Amino acid sequence: MKYKIKILRQKSRKETPYWQSFSLETQLENATAATALSLLNSMDPLTDTDGNISDKIIWECSCLQKKCGACAMLINGRPGLACSVRLSELKGGEITLQPLKKFPVIADLMVDRGILSENLKTINAWLSSDAFASESKNDILYESSRCLQCGCCLEICPNFDPDGHFFGMASMVPAARLLEELPEKEKTELKKQYRRHIFGGCGKSLSCRHICPAGIDIEELLVNSNAIAVWKRFLGRKI
Amino acid sequence: MSMINIIGAGLAGLSAAITAAESGRKCRLISVLPSERAQSVMAEGGINAALDTMGENDTPQEHFNDTMKGGVYLADPNAVWGLCSHAPETVRWLCSIGAPLYMKGKDPVLRNFGGQKKKRTAYAKSSTGKILMNAMIDQARKYEAEGLIERYPHHEFSCLVMNEGVCVGVDVIDIYTHQRISLDGCVILASGGMNSLFPGLTTGTTVNTGDVTAAVFFQGAELANLEFIQYHPTTISIPQKRCLISEAARGEGGRLYIEKDGKPWYFMEEKYPELGNLMPRDVVSREMEIVRRDDKCGDRVYLDMTGISEFCWKNKLSDLRQECIDFLGLDPVKEPIEVSPGIHYFMGGICVDEHHRTNIRGLYAAGECACQYHGANRLGGNSMLGAIYGGKTAAKEAAVLADDAEYDAKQVKRMENEEQNGDSFVAEQDYSINRYSAEVLKQALGIFRNEQGLNDALKEIDSRLSGNSLTKKQYRRLLLAKAVLLSALERKESRGAHTREDYPDRNDSEFQKTTIAVFDGKEIKISMRDIPVKRGNDNEI
Ligand SMILES: Cc1cc2nc3c(=O)[nH]c(=O)nc-3n(C[C@H](O)[C@H](O)[C@H](O)COP(=O)(O)OP(=O)(O)OC[C@H]3O[C@@H](n4cnc5c(N)ncnc54)[C@H](O)[C@@H]3O)c2cc1C
Ligand code: SF4
Ligand code: SF4
Ligand code: FES
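Read top to bottom, the protein sequences are chains A and B. Using this note's numbering, the final residue of the first sequence is 262, and nothing's skipped along the way. Using this note's numbering, the final residue of the second sequence is 527, and nothing's skipped along the way.
These are calculated hints, taken from the structure and not from any lab test. Some clues are possibly wrong.
Restraint ranges, calculated between C-beta atoms of paired labels, are given here [claimed, not checked]: (1) B/His341 to A/Ser44: 51 to 57 Å; (2) B/Glu136 to A/Glu212: 18 to 24 Å; (3) B/Gly507 to A/Glu209: 54 to 60 Å.
Coverage of chain A stretches by chain B, computed from C-beta distances (three or more under 8 Å per stretch; other residues unrestricted) [as the list claims (entries may be wrong)]: (4) 182 to 194; (5) 222 to 234.
Cross-link-like lysine-lysine pairs, in silico, DSS-like; alpha carbons within 27 Å at most [unchecked claim]: (6) B/Lys249 to B/Lys282; (7) A/Lys160 to B/Lys92; (8) B/Lys249 to A/Lys160; (9) A/Lys255 to B/Lys128; (10) A/Lys160 to B/Lys282; (11) A/Lys160 to B/Lys55; (12) A/Lys215 to B/Lys499; (13) B/Lys128 to A/Lys144; (14) B/Lys458 to A/Lys79; (15) A/Lys210 to B/Lys90; (16) A/Lys144 to A/Lys114; (17) A/Lys210 to B/Lys282; (18) A/Lys144 to B/Lys12; (19) A/Lys208 to B/Lys128; (20) B/Lys458 to A/Lys160; (21) A/Lys210 to B/Lys128; (22) A/Lys208 to B/Lys90; (23) B/Lys128 to A/Lys34; (24) B/Lys105 to A/Lys208.
What you are looking at is a predicted structure, and each value in this text was computed from that prediction instead of being measured. Built from N, CA and C at the ideal position, the CB exists for glycine as well.
Throw the hints in and build the complete structure from the sequences for me.
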């Protein structure tokens, strides 16, 4: 198969981005966008469709198996993991790769997603004492432990802005476990932060749910966490 | 009080950081990518501990016995006893920090895993590593908020800072800015396995290049048992790498077979009636190769999981099933899948004692980058345990040194560093920089090895090493590769994951020893070192 791969490139934070196209031939049936990037980078020298020799493409990857979230980028305009999107499934003769837009670009397809962990720090996403949860909640705890911190949900979310107060589902999902596991008396701070940074800003369109590459059941976690952090307070009873 | 610098933010690094912070100490957690992207999140099947929650009268002593036997008596028995006797408390601690292992009431449910007759492996479906990491990341965040852990999550190790033979700091490069930063204090290495020696052939991440191991080897750290490379029996080929089909699949009833005379032959069950498909990994991988070479057999080995119950698929293996569907387009509930051995774990690495000290004062190592606990072959489920327990042990030991005034004084008088390394992380992801060496290493260091093959590879690596267009990183990787080959040559016996066609027998009198590789600045020296004798009453192993 022959593909045309168009990549939005940027040498460093300060420089202006530009598009560059490469052609790629591979016999690998299940080649992904990550395969394409690796194959391009293994060309010596890397030459674009106009015959220009260019620098290697900068991008992040680690597991190559949809397990670490490193390789999130815009693939044909849609946020996803490069290692999970198969080239053969993409429509049109040309495949575009761009860095996620909501995070500062370091170079090419590599962005700084440091804000994700900063936000989790802001909402106090940790246990202050031993976990306390009933066996019946195991599915919730498991599901909320699966977040890759890839940022795809933030990219698609109309309400998330890195400088804003709304932290999106990349904070909600990890918080869902902690809201369950914190002993009742110690939930106060996290509940407060949850209402301020998660509950308040979400329009509940759930575009994030459809985009999440880990397939996390965001809706179920959201309902559960809202019940603990918001509704319980209003209703004044246990849910 | 000196600082503790931790290189690597997987299970071992996080465990070290949390341990240091728990005792009120400051540390730096340095890694190429944040913890969420470490190889530890990929671990699937589970973590071992003789918790005895399944009514089988399991004990730490039996865990110890199985670990020593699985490692064919090459591990340090005192270290292994520390690991196994502390395993139940380690797993209970993981529960206390909120890791949602599969529980019944207050007890983790345990599953069967290779090389162990009793159920001893705690798990969460087949994403155990991910859920353990998640809980430990949250725990580390607490200490980060308290100012005890300082994260450097886009920083690559460059070299150790040495003063009169003592490690007094580390230089790292900020991948975002390319700036070099010099950090003072002792150093715990937790940088994972040496995947870059076998690009595309391992189940792990591209980030664990082994460059840290290569760099400290170059600076004088001893490496041990490098020849022991674990081939996991059940992996599948996906673009750019091998994808693991967890041992849990066999733990829950998956069966290996090959076609023989037109019929499926469940060779493991026939050859090893007691443990069958759950023999240790070295044995299974070797048997798979042997039956594939048999003229009467087909050349493909299959894993048949069609007999696994619906309940089990739903509650224990749902993610594994999804992986087969995603990557192979096959549903393992309905049909067997073709599997073959792939490189999964490096038993060898930076040589440490039972306290995780290296031969360099001020330098420690834990997790997969270190050589500890697993001997000639690692049991499934022991590696996460080893990483967490090892990280903790290393941090405790480093804390003692950090308080030492004489050591602290060395920090002031610092030696000049080496000049800028020059290679950036970007080049790392380009497999081609060592593709040439990869092919020869793959040929020489397969499941079966022999002198001729190892010597051929050595010649090839030597000729590369004498080339003059190498970057520092390339040079050190090749040096590391050479050390692996020399270690494999020196061990003229077959044991665990090291099978020599020319020396098919185990030879305890000469080789029940640790292989040590050291670089003196000019050449690599290989020697065999005695294994420590077990202390205490229960001396028999
Ligand atoms: C698919 C798979 C399944 C597995 N399943 C199991 C299982 O079920 N049970 C079990 O016990 N074990 C399992 N293992 C093995 C186990 O996961 C690992 O051995 C263990 O997690 C290693 O932890 P670690 O902390 O040593 O290293 P890692 O988690 O690999 O972390 C290494 C860290 O070092 C950093 N690093 C690497 N190079 C550099 C550098 N040059 N500079 C700075 N930082 C660097 C990385 O960024 C990372 O943070 C599995 C492994 C794989 C690949
Ligand atoms: S539901 Fe809509 S607003 Fe809320 S996080 Fe998801 S995408 Fe954003
Ligand atoms: S919720 Fe899903 S999309 Fe959002 S960061 Fe987590 S894994 Fe990524
Ligand atoms: S490389 Fe880990 S998710 Fe793609």
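Going down the list of hints, with the structure as the test:
no. : hint                             : verdict
1   : B/His341 to A/Ser44: 51 to 57 Å  : holds, 56 Å
2   : B/Glu136 to A/Glu212: 18 to 24 Å : holds, 23 Å
3   : B/Gly507 to A/Glu209: 54 to 60 Å : holds, 56 Å
4   : 182 to 194                       : violated (count 0)
5   : 222 to 234                       : violated (count 0)
6   : B/Lys249 to B/Lys282             : holds, 11 Å
7   : A/Lys160 to B/Lys92              : holds, 13 Å
8   : B/Lys249 to A/Lys160             : violated, 46 Å
9   : A/Lys255 to B/Lys128             : holds, 26 Å
10  : A/Lys160 to B/Lys282             : violated, 52 Å
11  : A/Lys160 to B/Lys55              : violated, 39 Å
12  : A/Lys215 to B/Lys499             : violated, 59 Å
13  : B/Lys128 to A/Lys144             : holds, 8 Å
14  : B/Lys458 to A/Lys79              : holds, 19 Å
15  : A/Lys210 to B/Lys90              : holds, 25 Å
16  : A/Lys144 to A/Lys114             : violated, 40 Å
17  : A/Lys210 to B/Lys282             : violated, 65 Å
18  : A/Lys144 to B/Lys12              : holds, 18 Å
19  : A/Lys208 to B/Lys128             : holds, 18 Å
20  : B/Lys458 to A/Lys160             : violated, 52 Å
21  : A/Lys210 to B/Lys128             : holds, 15 Å
22  : A/Lys208 to B/Lys90              : holds, 25 Å
23  : B/Lys128 to A/Lys34              : violated, 36 Å
24  : B/Lys105 to A/Lys208             : violated, 37 Å
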